[in-house]
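Quick note, the sequences are listed as chains A and B, same order. Take 1 as the starting number for the first sequence in our numbering and just add one per residue. Take 1 as the starting number for the second sequence in our numbering and just add one per residue.
The hints are simulated quantities; they were obtained by calculation from the structure and are not laboratory data. All C-beta atoms in this analysis are idealised placements derived from N, C-alpha and C, irrespective of residue type, glycine included. A hint or two may mislead.
[To be verified] Calculated cross-link-like contacts (lysine-lysine; reagent style DSS-like; alpha-carbon spacing at most 25 angstroms): (1) A:K367 to B:K328; (2) B:K155 to B:K248; (3) A:K37 to B:K158; (4) A:K367 to B:K242; (5) A:K120 to B:K130; (6) B:K238 to A:K190; (7) B:K176 to A:K367; (8) A:K498 to B:K33; (9) A:K510 to B:K148; (10) B:K242 to A:K37; (11) B:K238 to B:K248; (12) B:K48 to B:K58; (13) A:K37 to B:K176; (14) B:K225 to A:K120; (15) B:K301 to B:K155; (16) A:K394 to A:K589; (17) A:K589 to A:K331; (18) B:K118 to B:K328; (19) A:K37 to B:K177; (20) B:K155 to A:K190; (21) B:K225 to B:K130; (22) A:K367 to B:K238; (23) A:K190 to B:K242; (24) B:K265 to A:K120; (25) A:K367 to B:K241; (26) B:K38 to A:K498.
[As the list claims (entries may be wrong)] To give an idea of the chain B side of the interface with chain A (calculated C-beta under 7 angstroms), a few residues: (27) I64; (28) D70; (29) G78; (30) N188; (31) D189; (32) M198; (33) Q213.
So you can see what is in the structure, the chains are spelled out below.
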Amino acid sequence: MKKNKIISFLRELENGAAYISLFLLAFFPVLEVFIRKIFHSGVEGTYDYTRHLVLIVTFIGGMITSREGKHLSLSLNFHLREPLNTRIKMVVAVIAIMISVALAWSSLSFSFTAFDASQKIGIVPLRLISLILPFGFSVIAVRFLKPDLFGSWNIPVFLAGFLAGTFLALGPVSNLLSVIFENPPGFILKLSEFSSTVSPFMSLPVILILIVLGVFELPIFIIIGGVALMLFTRVGEPLEVIPNEAYSALISHAYPAIPLFTLTGFILSESKAGERLVKLFRSLFSWIPGGLAVMAILVSGFFTTFTGASGVTILALGALLSYVLINGKYKKKFSVGLLTASGSIGLLFPPSLPIIIYGVTAQISIKEMFIGGIVPGIVMITALVIYSIFYAKKHKVEKEPFNIKESAIALKEAIWEVLLPVIILVFYFGGLTTLVESAGIAVLYSLIIEVFVNRDLKLPDLAVVVKKSIPIIGGVLIILACAKGLSYFIVDAEIPMKLTAWVQDNISSKYVFLLMLNVALLITGMFMDIFSAIMVVVPLIIPLGNIFGIHPVHLGVIFLANMELGYLTPPVGLNLFLSSYRFNVPVSKIYKYVIPFFIIQLITVLIITYIPFISTFLLG
Amino acid sequence: MKKAFILTCMILMILSGSLNSMIIKIGSVAPAKSPWDKALREMGREWKELSNGTIRIKIYPGGIAGTEEDMIRKMRFGTLGGAVFTNRGLTKIYSDFYILNIPFLFNSEKEFLYITEKMNPTFESGIEKKGYKVIIWSMAGWVHFFAKRPLRYPKDLKKHKLSFTVGEPELEQVWKKSGYQVIPNSMNDLMMGLQSGMVDSFYLPPLVAASGQYFPLAPNMCSMKIAPIYGGIVISDKKWKKIPEKLKVRLMESARKTSLKLHKKTTILEAEAIDTMKKNGLKINDVPEDSISQWRGASEKGVNSLIGKVFSKAIYDKMMGYLLEYRKVNEKK
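Looking at chain A on its own, in the form it has when it is part of the complex (with noise of 0.2 angstroms):
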């Protein structure tokens, strides 16, 4: 009795924190815009708490979201017998327990060797809000137990993992007992030097290991981070890289946008806003054969050019617009595709961030790759209007006559919601708010509409729209972290290098290597967030594209065609988990919902590869 109570205390703690550190990160980049307005400067250090919120703000979400069962994974339910599928839920369990203490360790490795006792974040240390990582990994590895299930079995399950993953993670254990003794035990730093001998043997058949059990439901971050691990152990790097990345990237400068985009996408959703909205653009497009799909295509383009295609647009307008179509009559498997597929469209239009990051990289004009950009990204989004018009006209999606009164009663009823894309441009193209800022005021707006003038959600309902929202901000944001520690495999191996090395020696087909490129460089986007790729490839296929004769700007193009792709390209591209956890379907049915998605995508790309004239007539 009075376990449960602690439990339960301690459960609203977590709850607790998580809401609060949300609020904040809503709160500072907001308090910023008022402040500049009013007193013509910044608050002090905003920047660096809103950056390590969305640490915390991880961290806890990924506790949360451990709790909640809804980690992403495959899930592709076998149904299997008993014993039979217990057992195999341990060895699940123990494996998974294994890599999060593995990673626990390193993190806690990291925490006080990477950071000077000196470093602060305003007044707290960073080492003490580093100490998030290994605390959010060692509770998230308890919570793969399950009491329930496993009966018994339950402590040997978890020993075995925290045994194996202790063993993994020997050489961060020994650097933290260096780090705090000055003799640190002689028996640890033998064993960690055995460990350290040994253990690569074991990466292979490990991740061999965590691939396989992707297919009974470990959670695709543990795969991710798993895999990062072993082969970081292979070749003998230290493990607090892993951490490392991870804490890189989340306190990297677009990263809070991810949250609260997200945070926006439910207050919405949980209120009738949805409702509005469908009302309005069916009154506005659906007397046109796929107007609604257009308009989805459309909407999702216009945002991801100025959030850059971190897949924020699924997130933030997945639940709304997937919620137009189903109602516009349009089959729930069409609508998940083309939303996952249009989740990184918009890419090539200007002011997209990665064009930007791309000319400067490659030293060539931003200018001349807005302007190349441009038709070859009207190809893209055609295929898929036609695709669309096509669906739409074969499935007989019912078409509505166009009613200017009913329109006009939508679109007063909807009006607030229609102005909030407004309003986040005319702040963000205004030079009002950055990027990061636009996403704190979009969170204030709809939180405004929605409480006090539409009243669709009272104070206390957004506790329930924090509470569903915190478990995919986690989900997601964790992948993110782990999949930026296996980017950084790829970069520590020196891979590209080797690659570009290998194709100049060997190819001197220029067709040849351009479909070469496509294959590399949808691999990488599979793996690479779009702008750790641009640093690390981009340096590497320019000289190539000089020795083949490619024309800067079309290899730009190319290669940002070939990223968007990458994002849809199973088994691992990044739109496909965000579309799993937005819409609630299983990673395995969103793979054949994108497929006629991806063809069309896949024939777009080929074609802006083929056809240098598409990216480089503009430039005269």
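Position chain B relative to chain A; hints supplied.
Leaving out everything else, chain B in the frame of chain A:
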């Protein structure tokens, strides 16, 4: 059984055996194929030769190993053996280095070079105490203001919205106390900020203003030098200690040659960058004689607030001593 086990372990150790050879991974924010990158690679080749192949340098250029802050972390836990840092990274390692960021301190490059010659040993030992070895120092140009409208006096800057690269709260205070309107912004947002009008001025080295193509949106470069970009290659003690003493001397010699070449090259490059920008519409706003004291006056309050807080008074006094000494001698001439 036990024997077999020990034997396997020994074989494994030999296989993994990095007993005599060593790879030093060096991260750098300088782009691949840039002079910095080329010079580093050349130094790497020399080091390999000098050490008979036992020391190999791997370069991670263009920021692929992370920002300077990130590279410091990677050096601390050992993913990187070394890194190329500018003021930004070095001040994070050793806060007294911040004195070189004091705005408008130096009258000329000659003056600056004199000061660094005197101060380098102090800097080196300070950085060494934190567990790093400075291999070479190098000067990589000056930071200037770029603005939308002509910019010669502090009062001109007060009419601008100055983009401030986040992560250096100390400098933010200096600008604020000088009465400028600063807008915290990340480098990635700078282009967007300039386009949307959120900011209309920034300060960067000409090389970066040119390569990032920011200058067309703020085509007035104030000739006033704000602060030097001064940095170098730093290697972690853990790696450096493993190198035999005799070899160290020769490696340092090779590094010093690299440093000299680099300084020459970056000077040329900076001039070239300014030339290219001029051809594309950049105007250099030469500051009148009377404005220099105004710039210094405006930032004095902010700078004074840093003394004893961000960097020690001792190091400030030491450097100012050398500076006055230099000016005395040269004014007589």
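Pairwise hint evaluation, K238 (chain B) against K367 (chain A), where the allowed Cα distance is 25 angstroms at most: Not satisfied, since the Cα-Cα distance of roughly 46 angstroms exceeds 25 angstroms.
Check the hint pairing K176 (chain B) with K367 (chain A) against an upper bound of 25 angstroms on the C-alpha distance. Since the Cα atoms of K176 (chain B) and K367 (chain A) sit roughly 33 angstroms apart, the hinted pair is violated (cutoff 25 angstroms).
Checking one constraint from the list: CA of K367 (chain A) to CA of K242 (chain B), max 25 angstroms. Satisfied? Not satisfied, since the Cα-Cα distance of roughly 49 angstroms exceeds 25 angstroms.
Would you mind confirming whether the straight-line C-alpha gap from K37 (chain A) to K176 (chain B) stays at or under 25 angstroms? This hinted pair holds, its Cα atoms lying about 15 angstroms apart.
Verify the proposed pairing of K238 (chain B) with K190 (chain A), using a straight-line Cα cut of 25 angstroms. holds, 19 angstroms
Taking only the CA atoms, is the gap from K394 (chain A) to K589 (chain A) under or equal to 25 angstroms? Roughly 23 angstroms separates the two Cα atoms, so the pair holds.
Sort out whether K58 (chain B) lies within 25 angstroms of K48 (chain B), counting only the CA atoms. holds, 11 angstroms
Are the Cα positions of K589 (chain A) and K331 (chain A) separated by 25 angstroms at most? holds, 14 angstroms
Starting from K118 (chain B), check that the Cα of K328 (chain B) is at most 25 angstroms away, please. holds, 16 angstroms
Does K265 (chain B) pair with K120 (chain A) here, judged by a C-alpha cut-off of 25 angstroms? violated, 38 angstroms
When the nearest CB of chain A is found for M198 (chain B), is that gap smaller than 7 angstroms? With a closest approach of 4 angstroms, the M198 (chain B) hint holds.
Does the alpha-carbon distance linking K37 (chain A) and K158 (chain B) stay inside the 25 angstroms limit? Holds: K37 (chain A) and K158 (chain B) sit about 16 angstroms apart, inside 25 angstroms.
In terms of the numbered hints stated before, the structure departs from hints 1, 2, 4, 7, 9, 10, 14, 20, 21, 22, 24, 25, listed from lowest to highest.
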